[in-house]
Every structure is written in C-alpha cells, then in structure tokens.
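S.K.: Mapping the sequence shown onto our numbering, position 160 (from 1) lands on 167, and the numbers just tick up by one.
Accuracy of the hints is not assured; some may be wrong.
FRET-style restraints, in silico, Cβ to Cβ [claimed, not checked]:
no., residue 1, residue 2, range
1, Arg-225, Leu-143, 25 to 33 Å
2, Met-134, Val-236, 17 to 25 Å
3, Gly-278, Arg-225, 46 to 54 Å
These are calculated hints, taken from the structure and not from any lab test. We put the CB at the ideal spot given by N, CA and C, even for glycine.
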Amino acid sequence: MTATEAVTARHDAGVVERLWGLVPYAAALWCLGYGALAVYWASGGAGFPFGAGDPRGVETGNWLATAEPGTVGVVIACGCAAGLVAALAGRSPWARWSSPRVAAVVLLVVAVPLLLVIPDVRVLQNMAYGLHGHALVDWPLMNQLLCAFGGMLLAGTAASLLRGPRCPRCDRTHAAPGSAARWARIGRWATAVAVVAPLPYAVQRAVWNLGVPLGVDRRFVQGLAADMVAKGIGPLVEYSLPLSAVGGALLTLGLSMRWGTVLPGWVPYLGGRRVPVALAVVPATVVTVAVVAAGLMMYRLFILDGLPVTGSGVVGLLWLPWGIGLGLATLAYHRRRRATCSGC
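Given the sequences, and given the hints that come with them, work out the whole structure.
M.R.: The structure is reproduced here in structure tokens:
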C-alpha cells in the first residue's frame, strides 16, 4: 500500500465509521416513530396499511392480507420497543453491562419480518416499472418501503455490534489469513447463481412481447398485451423490462470481477479509480431484499396456499435462489473488500 493509498483508505474509513455511528440512532428513531404509529392503529386510528386497508393484499399474496389492526398493531409496537432498546444498547449508560450479541440477535429478530414478511412482490414490480417511469404508488406500498428501510437500519445496527477488532492504520476489521480468498470463492459461486437465475424470466418476457405463448396459452399473451396498453406502457418500455433483467445480471458480475473493484481504464474520467464499496453494496442489498421477499411470496402461494404451478409462475420459483445468491455475493464482495488492508 502506497502512502497516498494509505491516506485515502484512512479518510474513507473515517467517513464510513462516522456514518456507521449514526445508524443506531437512525434505527432507534425509526422504531420510536413506527412504534407510535402502530399504537395509533391498535387504538382504532385510521390508515392501517394491512388487511382491509390494503385492497391488493390478497391479490399479491401479502402475508398480512387478513391482518387486524388491534392484534397486529400491538405486535408491531412491541417489536419496535424491543428494537429501540436494542439499538441504543451500545450507546446507553448501561452498555458496559449489556451484551452486544444479545442486542444484535434482538435487532435481527425484529428486522427479518420488516424485510421479508411485510414487503411483497409489489416492491419488485415497482422497481422494474419505476425505472421506466411507470409505478403504482399507494399507501400500502409506501408502508412496505418504510418497513424495509427500518429493517435495513436495524440489520445495519446489528452488524455494527458484531464487528470485530479494527486495524489502527485504516480502521478496517482484521480478518483471518486466507479470508479474502475464501470469500472470493464463495462470491464467484453466488454470483453465478445470481446471474443465471433471472435469465429465464428475461427470455420468457421477451418472447411474450413478441406474441409467442411460451409456457402459457395465447389468451394469456393477448391479455398481457391489452394490460400494457391499458396502463399506457408503450413498446419501448415493454421490451426494456427483459433487458433490465439482463442488465442487472451483467452488473451482478461486477461483484466477483476486477471491474467491480477498479473501473476499467477506458471509462472516461473515472478509469482506473477504485469503486466505492457502498456504491455496489447498497443497490445490491436493496434488490436482494425485494427479490427475496417476492420469492418467498411465490413459494407461499404454491406450497402453503396450494396454487398450481403455471407456466407464467414457474420462473418465479427462481426468484428466491436469485435473491439468496445475490445477497451472498454482496456479502462476499463486502467482506472481501472491507476485510483488512494490505498493510496489515
């Protein structure tokens, strides 16, 4: 590591550390606000975004499509209270007597439903259509995004409590010998899964746009085309949907290839510069949450609810492996790049 690289690493690490320091407070503030909202719903307040307050909940297979505000509001309020205490555990006067691991477990227990139970396929749908200027935004969807954001804050706080000893030079976490190589191997396999899994959807959607009923009957394809026209979605957007899946797969390759760490020299103005870790990790994490939540919904519809696996839904069974692969590839990328500095 050169002197310039060392100074840059220390500066970047200092910025990241300051941001990490704000995450527990942001998580605590989120728990306080959303917990108060849950109490309001439980006491009969308006705006409950589940059950009867979510007209599309049954259609989209939401886990809380039949929820009642009295029961669910109390459960959410209790979870937020536990998350609030755990988020402040490392910052409170009694932190010396608290266990970071116990607080991290509590945070993760609260975060998992926020990330994987409350959101449904609408998050992924609106991410895809939103890139092209078409999104169906309502209060239930905004609530799902709000819950996913809170879950990420709580999970990030848990990660900050579980971090190991830091390097005095660059403030990164020390890692065991060979850790970077081991994570690189894991990342390659996970990246391969995350790249291949969405391609069947891209192929099927592309041929549907051409009028070919792959896996479905012709009436389904005609109905899909009519729905696109009714929503005002033109051919350009229609064909860009499968291209978005292919483009996402290509970007995923960067999690295990050199150009995902250092930009190629042919990139104007930025060629040869290192890619900020957060620039790859944050978007990949957001997509992971959306894909895993949608994938879990598909398995619930087919396994728990007993719906038949149709040609239009079979590609949805690949969403969960896609999300798990992308999440593991993102974790491997983060651990490989933030594990330790070369000077250690």
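S.K.: Mind checking the hinted window 25 to 33 Å against the Cβ distance between Arg-225 and Leu-143?
M.R.: The hint (25 to 33 Å, Cβ to Cβ) holds, given that Arg-225 and Leu-143 are roughly 27 Å apart.
S.K.: Take the C-beta atom of Gly-278 and the C-beta atom of Arg-225, compute their distance, and say whether it sits inside 46 to 54 Å.
M.R.: 49 Å Cβ-Cβ, so the 46 to 54 Å window holds.
S.K.: At the C-beta level, are Met-134 and Val-236 separated by a distance inside 17 to 25 Å?
M.R.: The hinted range 17 to 25 Å holds for Met-134 and Val-236, with Cβ atoms some 22 Å apart.
Of the numbered hints given earlier, the model fails none.
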